[in-house]
Amino acid sequence: MKKDWPIDHVHLVISDINRSLDFYRGVLGLSSKAAGDHVCLHPRDSGKCVIYLEEGKIQVDRENYIYHIALLQPDRETLGALLERILSQWDNIEGYADHIVSEAIYVRDPDYIGVELYSDRDRSLWRHDEKGFIVMDTLPLDIDDLIMSARRKRSGVEIGRGMAVGHIHLRGRDPETAGRFYIDVMGMRLTGVWFGARFLSYGGYHHHVAINSWPVPRPQDGSGLRSFAINMGSSLLRSGIGGIGGYSVSDLPCGARRVITDPNGFRIEIIEP
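Just so you know, we're using numbering that gives the first Met the number 0 here: the sequence shown kicks off at 0 and counts up by one.
These aren't lab readings, by the way, just hints derived from the structure by calculation.
A few of these clues could be false.
[Said to hold, decoys possible] Okay, the calculated beta carbon distance ranges per label pair:
#1 Asp15 <-> Pro214: 21 to 29 angstroms
#2 Gly161 <-> Ser14: 27 to 35 angstroms
#3 Ser154 <-> Val192: 37 to 45 angstroms
Think of the CB as a built atom: it goes at the ideal place given N, C-alpha and C, for glycine as much as any other residue.
All chains should be built: construct the whole structure from the sequences, respecting the hints.
And the structure:
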């Protein structure tokens, strides 16, 4: 998996653990192990948890909810192999997009939580506009060529290896205020504004967090994002997250000790180095 990545993991609340495992393990190729009362999903080549699944219910705000979690694949060929599997094994496909910086597949999990599966293009191909923002768009994806890239490579493509949480895309009532929080408190930089949505990142990446107020589908009632975690040990963080003093201490998975709530009510676990 991607080492030294700012997004450590996500914590999802789902309605049926076996049904979710059929998707995340059976279709997406992740491995699983017990983690206390939760199930830890991790890449096949690493025991590092990227998703925690908790069977239960949470109260989800009608305006503030997860739009999608985004699982970064190690290369284009792996994404192509995964797409071919999804087309044969999963019905709930939302769409496909060429974002210029990346290529993406959008699906919904059994609880209707959005999941983006994507691979990045080489950073040398990324462009910036006159404001310094990274140029992104939503263009048609050549799915046939994507699948053929996996078939051409054949050996060395293993679904479920090298997967990481590339970014989190949130739906919230006030993207501008939330964006300022992620800049001023979490130490991110604004990398783009698109139809009111804010895109923010560490280390010049296209985005680790996005916030929009679009009328996008919600997860099913009782399911959704409990929290996501930021790895403070990542070298991509340009400085320490200095604005978090005084926040409550909490015992959460994977070593998190501090939890911050953003302006829209999303919980962020802080993983100390």
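Handout entry: Violations among the numbered hints
Key = none
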